[in-house]
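*Asks:* Take a look at the letters that make up each chain.
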Amino acid sequence: MISRQSLIVARWEFLRFFKWKQQLISYLLMLAVMGGVFAWVYLTDESRQQYRIAVPVSFAVQSTGQFEFQRPSIDLSQQLQQLRDHQTWHAVLAYQDERWVLHTGASSKWLPQLEQVLQNYFQLQRAGDFGLTDAQLNELQQPEPIERSFLDDDFKGEDTPEKMIAFAVLILLLIGLSTAFGQILMSITGEKQQRVTEQLYAILTPQQWMDGKVLGHSFSALKAMLTTTLVMLVFFVVVSLIAGDGLDLSWLNWWVLLWLIPFALAGLLLCACFMGAIAASIDDPNTSGKGVVMMVTWLPLLFTYLVIDSPSGWAMTLLSWLPLTSFAAMPVRMSMVEVPWWQLSLSLALLLATLYYMRRLGGRIFLRGMQMYGKEPSWGDIMRWALSRKAD
Amino acid sequence: MQLRIEAVTKEYATVTAVNQVSFQIQSGEIFALLGPNGAGKSSIIRMLVGMTKPDAGSISVSYQDQTFQHVPRRLLGYLPEDRGLYGDKSVEKNLLFLAQLHGLGKTEALSRMEHWLEVFELTERRHDDLKQLSKGNQQKVQLIAAVLHQPALVILDEPFSGLDPINQEKVVEFLKQLKQNGMTVILSAHQMAMVEKLADRMVLMAKGEVVLAGTLAEIRQQAQPEVQIQLSSKTPLPIDWLRSLDAVTAVELPQPEQAVLTLDQDAEVGPVLQQLLGRIEPEQIAMQKPDLHQLYLNAMSRHQRQTPQEAAA
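Read top to bottom, the protein sequences are chains R and Z. With the first letter of the first sequence counted as 1, position 110 gets the number 110 in the numbering used here; the numbers rise by one all the way through. Every position in the second sequence, counted from 1, becomes a number in the numbering used here once 392 is added.
Hints are supplied without guarantee of correctness; some may be wrong.
[As the list claims (entries may be wrong)] In silico SDA-like pairs for lysine to any residue, Cα to Cα no more than 20 Å straight-line:
| # | chain 1 | residue 1 | chain 2 | residue 2 |
| --- | --- | --- | --- | --- |
| 1 | Z | Lys445 | R | Ala168 |
| 2 | R | Lys375 | Z | Thr406 |
| 3 | R | Lys375 | Z | Gly430 |
| 4 | Z | Lys562 | Z | Lys589 |
| 5 | R | Lys163 | R | Lys223 |
| 6 | R | Lys375 | Z | Asp521 |
| 7 | R | Lys21 | Z | Asp480 |
| 8 | Z | Lys481 | R | Met186 |
| 9 | Z | Lys485 | R | Trp20 |
| 10 | Z | Lys485 | R | Trp12 |
| 11 | R | Lys19 | Z | Asp521 |
| 12 | Z | Lys523 | R | Arg195 |
| 13 | R | Lys19 | Z | His519 |
| 14 | Z | Lys523 | R | Lys375 |
| 15 | R | Lys223 | R | Gly289 |
| 16 | Z | Lys481 | R | Ala168 |
| 17 | Z | Lys485 | R | Gln194 |
| 18 | R | Lys375 | Z | Ala405 |
Calculated from the structure, these hints are not laboratory results. Computed from a prediction, not measured in an experiment: that's the story for all the values here.
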């Protein structure tokens, strides 16, 4: 059970790192940056402009929305002079030395598009030479569609909305774990540096202290995940409205979402407990190399990502069962293939049992680390404490 | 509340921090643990708090018909030797957080906080971040944090360290007030003058062992055989010669023309006086009652002179 004192510590820890003004400013900045990027892309989009292209008089290419082909009667040197002076042409096409040459001022983004239009024209010309009609040429150019048929009835398909949700969960977990990583390391080692720890020990048990820390920083991580989700949703809504599509959330699979939440929450708490245990073993973060080990919590996300295209494979199945990786792998697996409810329940139960063990381990390491008075425990010590059942 | 420490031993990897230490602390008294650095005071305190356990011997804490192996957290107010609070939070937030952890409601905590801030003249600084306060003021905040919840027992490890004489006096008054409120106080300190004013009983420790124990009067009695002679002259005193005297165990020189000689407990005063008068023309010569500081120094010096066999005996 979580004690009242643990909740007080959790609240304290959460509020210590909750600077709402800075948070608001950072989200506004993020939105401004995203808006700026879109504005820049829009302003520099060369495809919205029409370009004037000079072609030989005999060249019967049709103008398009993007390219207006004209056949000037002046000679090539004059055309090139006009191109140089930016008076009339964006590009001049000429047949020189038995090859086609496209003259332009400098390389531009629209050049490949122009070349594609010209290639299509040349192909039409050649088709005419071979006696092919436009329809025949068009059919020749069409690729033969190959449909994928999956015999695994449980596989939901490749590009389902659920897969997008699974991706989003992985990204959100990464955001949450990154938040927790920085805060837990700073909070626990900072408390040691500020010498608050021994005073707190006289008020709280090491377990209450560790529970409070883990809860407080998990709340912070959740807050980061939720606000990121909100920002993404706001962005999605704005883009949908601008595009005139309206807001459609019918693609959301609520059953999958319902299972995602406990896995993500338990995983977050498990990682926070692990980070807390490691941070509690660090005496001085400036000289200790143990902080890096806290990043191990990111590995389940990476391993899952690497096998995301094979959701029924042995690797994803194994990851979805292992309690240290299931919080990342099971949501992805269940998003992409049907997983029986008993497998979900059992995997979640294993995860919760591991969470309970990790929570106890965190409390033990905090107590033992404190009893060493300024000496940092070795990995051997930590392993011994991990295997010991003694609480104090 | 009564604390009984019986034959307690605590060993770390290469040192015996506490060796067969026994004493008792009665309810409502101010009890002092005295000794130089490394004497074992903090080790005893950490065992009382429950942070570590004795390797041998026992600690028992009796309170309202219940007995515990260390002081229960709900009864304890603690100022550790290695101390600090959250520097980036205000005085009020720090104190409120700790008070709430002790189970106090916000209104009650604020009311008690106001009282103690007033006592320590910190009311004006309550909204300042702790790191903005001087070291002495930070220490006063920590003292308040230790007693806000009105514990039955307050353990203060070096409460005077880092304080100027005026604030040391304030802490003395603070501790007297705690006693008046019925709290039992255990403190460790180097400041003998402060302890002399405060402590009902005390133990003097050296190298993990108890050297002297009891009330100040009892300690004086235990150390009484050591006579002190206060000496002053118009000319600088021959310090080396004074130290070379067989009966003299310690010489203190407040000034070159003044000395306090401590005699060996078996020495006779008459021959020593004769020797002094044969060499020095004293302006003033007097026998004096040693204060706690002197008793402490004598006890330490005697302990250092002890052979291992004597120590074992």
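*Asks:* Next step is simple, just say for each hint if it's right about the structure.
*Replies:* Hint check results:
For the hint linking Lys445 of chain Z to Ala168 of chain R, the alpha-carbon distance of about 50 Å lies beyond 20 Å, and the restraint is violated. As the CA atoms of Lys375 of chain R and Thr406 of chain Z are separated by approximately 14 Å, the hinted pair is consistent with the 20 Å bound. For a cut-off of 20 Å, the pair hint linking Lys375 of chain R to Gly430 of chain Z stands: about 17 Å separates their Cα positions. For the suggested pair Lys562 of chain Z and Lys589 of chain Z, the alpha carbons sit about 13 Å apart, so the restraint of at most 20 Å is met.
Distance check on the hinted pair: Lys163 of chain R and Lys223 of chain R sit about 23 Å apart at the alpha-carbon level, beyond 20 Å; violated. With a C-alpha separation of about 30 Å, the suggested pairing of Lys375 of chain R with Asp521 of chain Z is violated against the 20 Å cut-off. Proposed proximity of Lys21 of chain R and Asp480 of chain Z is supported: the alpha carbons are some 17 Å apart, at most 20 Å. Proposed proximity of Lys481 of chain Z and Met186 of chain R is supported: the alpha carbons are some 15 Å apart, at most 20 Å.
Our distance criterion of 20 Å between C-alpha atoms is met by Lys485 of chain Z and Trp20 of chain R, whose separation comes to about 18 Å. Between Lys485 of chain Z and Trp12 of chain R the alpha-carbon distance is near 10 Å, which keeps this suggested pair within the 20 Å criterion. A threshold of 20 Å between alpha carbons decides the hint, and for Lys19 of chain R with Asp521 of chain Z the separation of about 16 Å falls inside it, so the pair holds. Taking the CA atoms of Lys523 of chain Z and Arg195 of chain R, the gap is near 13 Å; set against the 20 Å cutoff, the hint holds.
With a C-alpha separation of about 18 Å, the suggested pair Lys19 of chain R and His519 of chain Z falls inside the 20 Å cut-off, and the hint holds. Between Lys523 of chain Z and Lys375 of chain R, the direct Cα distance comes to roughly 26 Å. Violation of the 20 Å bound is thereby established for this hinted pair. Note on Lys223 of chain R and Gly289 of chain R: the hinted pairing is violated, with a Cα-Cα distance of about 29 Å set against a maximum of 20 Å. Between Lys481 of chain Z and Ala168 of chain R the CA atoms are separated by roughly 36 Å; this puts the pair beyond 20 Å, and the hint is violated.
Restraint check: the Cα-Cα separation between Lys485 of chain Z and Gln194 of chain R comes to about 16 Å, which is no more than 20 Å; the hinted pair holds. For the proposed pair Lys375 of chain R and Ala405 of chain Z, the alpha carbon gap of about 12 Å is at most 20 Å, so the pair holds.
Consistency note: the structure conflicts with the earlier hints numbered 1, 5, 6, 14, 15 and 16.
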